[in-house]
Amino acid sequence: MNLHASPSRRDTILYLDGVSVSFDGFKALNNLSFYVEVGELRAIIGPNGAGKTTMMDVVTGKTRPDSGDVIFNGGTDLTKLDEAHIANLGIGRKFQKPTVFESQSVFENLELALAGNRRVFQSLFFTLTSVQAQRIDEVLETIRLTGDRAKQAGDLSHGQKQWLEIGMLLMQEPDLLLVDEPAAGMTDAETMQTAEMLKRIAGDHSVIVVEHDMSFIRALGCRVTVLNEGSVLAEGSLDAMQADERVIESYLGR
Amino acid sequence: MAPKRNFLSIVLAETGGRVLLGLLLAAAILVPASNLLLPEGSFLHVPTYIVTLMGKYLAFALLALSVDLIWGYAGILSLGHGAFFALGGYAMGMYLMRQIGDRGVYGNAELPDFMVFLNWTELPWYWHGFDAFPFALVMVVAVPGALALVFGWFAFRSRVTGVYLSIITQAMTYALLLAFFRNDMGFGGNNGLTDFKEILGFNIQAQNTRAVLFSLSALAVAGGYIMCKLIVSSRLGRVLIAIRDAESRTRFLGYRAEYYKLFVFVVSAMLAGIAGALYVPQVGIINPSEFAPAVSIEIVIWVAIGGRGSLYGAVLGAILVNYAKTYLTGAMPDAWLFALGALFIASTIFLPKGIVGTLPAFGTGKRRGQKS
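So the protein lines, in turn, are chains A and B.
Note that the first sequence covers residues 55 to 308 in this note's numbering.
Note that the second sequence covers residues 22 to 393 in this note's numbering.
Mixed in with the good hints, there may be bad ones.
Straight-line distance between alpha carbons at most 25 angstroms, and here's what the computed SDA-like set of lysine to any residue pairs gives [unchecked claim]: (1) K205(A) with T36(B); (2) K151(A) with E268(B); (3) K116(A) with R178(B); (4) K116(A) with V184(B); (5) K205(A) with S179(B); (6) K205(A) with L33(B); (7) K205(A) with G378(B); (8) K151(A) with V184(B); (9) K116(A) with Y280(B); (10) K116(A) with S179(B); (11) K134(A) with G378(B).
Derived by calculation from the structure, the hints in this document are not laboratory data.
Here the structure is a predicted model, which means the values were calculated and not measured.
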């Protein structure tokens, strides 16, 4: 344990310390350490294979790290827990490819994501309360899908599916949202609307966004962490990153 | 807003379900009435052998329902559901064997004939209790349920899905086939259990008994449909559909997919066990051939042809395919397997959603079971 880390750790929502993961000898994460503060909006960029998605897999319990600590909310070690457990602790994840329940309606998708008991028998006898229905209405408003509530999720446009998935994250009422390439495949207008949406969400929640689109990151206007070869290359404002020699060398320059 | 939903509005939500329940209730009353009350020469008289045949189809319909519950809604393609059906059948068969008493060929009141033939002197421990009907009824659901619980616990916890799961369900039923073939298992080996005389003191061959068994089968299918419909209409049902369509998304929402699958798998196995218990007294025999992998595959074909993910489609498919089987095995005994294969290929190509998913008559309302 690194004692020097302890003072700041208490105020962090997510704290990674010396995390390494290798697949068949390839080091996807190599002694990765960084932290995100409570309520912060953070962008993570990096070339392909830098470990961005693997980092999210480790945090959400999909992949177990070979070594290192992943501490949530200043005290919970996530490395021993499975996906469902971590989700119930308050970490929501949006996949790179929009993943919604296509054969169910927009409303039903949000209802499934509704925070609450996830046990089998509670689900069998579940009825929606008016408070919960109101909460779904609020989220529908936030993700601009109020008019499409009865539509099958499979019939939504690509951008709308991305929003629905963000909406499902919000329904979970997580403390931390991990959002993987939310602007992929979106029109410019949708991209800017998505940036606005995430900025509004941050503050109440902590948000980590992985993205390639530089104009989108500029619109987020937040601190940027640059990953390369499985560890942190640099961290700071987007302008500082774009001026950084090493970042240009490894990523932006190419 | 979420509409107020009560028991009847859920169960009777779809046209197909209303028609099915109406037909089952009518059949449960009218078929025995016609068989027992009308004179044999009458135009409307249903002969006893037809009553029994239809009762057998209804047992298969309940079995198809159990497969549709897991395959249509949770995406679990079991190619070994015949095993649960057969175990339920064996539990009922053991009760019926105990009722034979000293009327067997060897006249031994303590042991079934096949045990006397094997020179056994004592009843094996696992046969004890089966002379009591309530005990046998509990075993009809408990044994398949327990097997499904253990099997499902390991399979779902290890995240075995898709074709891998289908393959190990085949292996499961095949292993049971081999085990039940062995004489020293104590279940009659190759010949299975047969020569039944009485059920609850009523002659099993009697017209009245047959009529009652038919009615019970019809009511069991109706009850099974209602239970499955309530399950799939609940939030649990929507979680199952979510698991079917995007399992990892469901996990990241915080649902433990393995427990949901386990629940529905056990319920399904119990339903299949009840179907087996209704089947055995009507056909008069249970033997290891019910464990054959091909039997389990046939069940899946019924569901595919009827229409997966609607429940009533499974019932329709089971009855239609089995009617065709009875007809063809009589008319052209060698052609049946070819016909079954052709039917499956044709339904995959021309009716990928099965009969109820394709015919416009069934297209009313929203169908949750299928992707558009």
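Here is what the structure says about each hint:
| no. | hint | result |
| --- | --- | --- |
| 1 | K205(A) with T36(B) | holds (22 angstroms) |
| 2 | K151(A) with E268(B) | holds (14 angstroms) |
| 3 | K116(A) with R178(B) | holds (14 angstroms) |
| 4 | K116(A) with V184(B) | holds (22 angstroms) |
| 5 | K205(A) with S179(B) | violated (35 angstroms) |
| 6 | K205(A) with L33(B) | holds (23 angstroms) |
| 7 | K205(A) with G378(B) | holds (20 angstroms) |
| 8 | K151(A) with V184(B) | holds (24 angstroms) |
| 9 | K116(A) with Y280(B) | holds (18 angstroms) |
| 10 | K116(A) with S179(B) | holds (14 angstroms) |
| 11 | K134(A) with G378(B) | violated (45 angstroms) |
In summary, the structure is inconsistent with hints 5 and 11 from the numbered list given earlier, while agreeing with the others.
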